[in-house]
Structure formats: C-alpha cells, structure tokens
Amino acid sequence: MLPELFFGYYASAIVIFSLLVVTRSNPVHSVMWMLLLFFHIAGLYLFLNAEFIAAIQVIVYAGAILVLFLFVLLLLNLREELKVKKFVGSWPAGLFITAALLAIVLSAVKSFVPGPAGKYSVEFIKQETHTKALGKLLYTDYLFPFEIASLVLLVAIIGAIVLAKRKTGSK
Amino acid sequence: MVPLNWYLMLSAAVFMIGVFGFLTRRNIIIMFMSVELMLNAVNISLVAFSHYLQDLRGQILVIFIITVAAAEAAIGLAIIIALFRNKDTVHADEMSEMKG
Chain D
15 MLPELFFGYY ASAIVIFSLL VVTRSNPVHS VMWMLLLFFH IAGLYLFLNA
65 EFIAAIQVIV YAGAILVLFL FVLLLLNLRE ELKVKKFVGS WPAGLFITAA
115 LLAIVLSAVK SFVPGPAGKY SVEFIKQETH TKALGKLLYT DYLFPFEIAS
165 LVLLVAIIGA IVLAKRKTGS K
Chain V
2 MVPLNWYLML SAAVFMIGVF GFLTRRNIII MFMSVELMLN AVNISLVAFS
52 HYLQDLRGQI LVIFIITVAA AEAAIGLAII IALFRNKDTV HADEMSEMKG
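Taken in sequence, the protein lines are chains D and V.
For what it's worth, my numbering labels the leading residue of the first sequence as 15, then goes sequentially.
For what it's worth, my numbering labels the leading residue of the second sequence as 2, then goes sequentially.
Just so you know, the hints here were simulated from the structure itself, not pulled from any lab data.
A couple of the hints might just be wrong.
Unchecked claim - List of simulated lysine-lysine pairs, DSSO-like, C-alpha gap at most 27 Å:
(1) D:K124 x V:K88
(2) D:K100 x V:K88
(3) D:K133 x D:K150
(4) D:K179 x V:K88
(5) V:K88 x D:K97
(6) D:K140 x D:K124
What the hints assert, rightly or not - Covered stretches of chain D, going by a simulated chain V footprint (3 or more residues, C-beta under 8 Å):
(7) 63-69
(8) 141-155
Note that the Cβ used here is the ideal one computed from N, Cα and C, for glycine as well.
Please construct the entire structure, taking both the sequences and the accompanying hints into account.
Structure, rendered in structure tokens:
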C-alpha cells in the first residue's frame with residue numbers, strides 16, 4: 015500500500031508540474047516549476063533503486079541545465095513577453111495531435127510483455143553497490159560510447175562559443 | 002509492488018505534455034524546455050525498465066541521454082542568443098526566413 019501511495023504522490027506531482035511548466039506565461043516561473051519537477055523525478059529514481067542516476071539528475075539537470083536556462087532568460091527581454099499571447103493561434107490542433115498520440119501510446123502500453131530478467135537483481139546490486147556496478151559496466155562494455163559522449167560534449171563547448179560569440183567588425 | 006505499466010503511463014503522459022508544449026508555445030525557450038521534458042520522460046521509462054528487467058543497460062543509456070541533453074541545451078541556447086541578437090524576438094512564429 016505504501017509504495018503505491020508514494021508512487022501516486024510522485025506521479026501526480028510530476029504531471030502537475032510538467033503542465034505548469036508548459037502553461038506559465040512567465041518563463042522564469044516555468045524554470046522554477048521545472049526545478050521542482052526535476053527533484054521529484056530524482057525522488058522517483060531513488061524509489062527505483064537508481065541512486066547514482068538520481069544524483070546526476072540533480073547535479074546535471076537541476077544544477078547545470080536549469081541555471082543555463084535562467085542565464086539566457088536574464089539576457090532576453092521579459093517585459094513584452096508577459097503582454098503577448100503565450101500559445102500560437104493553432105493550439106487546438108496541437109492539443110488534438112497530443113491527445114491522439116497519448117491515446118495511441120496508452121493503448122500500446124497495455125499489451126506490453128516484459129522480456130527475461132537480467133543478472134542485476136536487487137540483491138546483486140546491494141552486494142556490489144549501485145555506483146560500482148554501473149561504473150564497471152560503463153568502463154568495460156560501454157567504453158567506446160563513453161568516449162563518443164566526451165566528443166559530443168567537446169563539440170557542444172566549441173559550438174556554443176562559436177554561435178554565441180559577438181561578431182567583431184561586422185557592424 | 003508498483004506495476005511497470007504505471008511508470009510507462011507516467012512517462013507517456015509527461016512526454017505528451019512536452020509534445021504539447023513544443024507544438025503550441027510561441028516562446029522558443031519554453032519550446033526548448035519542452036524538449037527537456039520529453040527527454041526526462043524517456044529517462045523515467047528507461048530507469049523503470051532497468052529496475053524491472055534487472056538490467057543496468059537502461060541506466061547506462063540514461064547517462065548518455067543526460068550528456069546529449071546537456072550538449073543540446075548549450076547549443077540550443079547559444080542559437081537562441083544569436084537569434085535574439087539578430088531578430089530581437091524569441092517568438093517562433095515571427096521567424097520565417099526559411100519560409101517553412
């Protein structure tokens with residue numbers, strides 16, 4: 015009973031916060047609701063025995079990405095943002111597409127059959143500790159994707175600087 | 002024990018809210034936040050699968066998704082700054098240079 019209650023609270027909070035994120039007219043309020051949303055998602059990860067993922071959810075999403083969003087909002091003009099309409103004119107079409115997609119996905123979820131279970135049972139992870147098991151897998155079987163991820167980050171660093179740099183001598 | 006389907010339904014709901022925000026909001030920054038919402042929805046379902054199928058590969062995938070999300074946020078926000086510098090607006094329906 016208690017796990018269901020716990021999941022119910024987190025699920026309803028996550029859905030409500032995501033709705034608030036996409037419907038607030040002030041983008042700063044959206045970012046703040048998103049912060050709460052990310053903390054609740056991290057709580058859900060803890061509930062699923064994924065404590066390392068919960069930690070990087072808080073550090074990377076709530077700590078880094080949202081601060082980046084806030085900084086960019088700081089640079090833009092928010093005064094006129096509060097006066098104009100927040101949705102595009104054809105928003106009912108978007109709502110219809112979304113509802114249809116949701117109906118399709120929910121009807122597909124019902125017929126889902128899980129595959130055979132792997133070797134990382136709760137007892138195995140409890141004995142090995144979660145971060146160690148994850149690190150062993152990441153640095154052996156997934157070493158090459160891990161290196162590619164570092165390349166992606168390098169491209170992002172250089173690309174962000176090149177794109178946001180003010181062109182000198184063009185004006 | 003919470004059934005796996007509940008997590009999948011929660012993930013689907015959050016993903017669709019993200020799709021709705023991306024399709025209907027005028028502000029490009031909120032559209033980017035909707036994309037982050039969709040990535041988070043996928044992460045929820047991947048971690049749930051990883052727990053219920055007792056396989057850590059789902060969580061490895063989540064780490065890579067978070068990496069790509071960070072890169073995407075940095076690049077996307079740089080593009081927004083460049084756009085705002087040239088056009089003085091962050092509204093998606095006022096940008097029609099590509100005639101899309």
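Hint check:
1. D:K124 x V:K88: Judged against 27 Å, a Cα distance of about 47 Å means the pair is violated.
2. D:K100 x V:K88: Holds, because 19 Å separates the two Cα atoms, which is no more than 27 Å.
3. D:K133 x D:K150: holds (14 Å)
4. D:K179 x V:K88: Holds, because 16 Å separates the two Cα atoms, which is no more than 27 Å.
5. V:K88 x D:K97: holds (19 Å)
6. D:K140 x D:K124: violated (31 Å)
7. 63-69: holds (count 4)
8. 141-155: holds (count 4)
Going through the hint list in order, the structure does not satisfy hints 1, 6.
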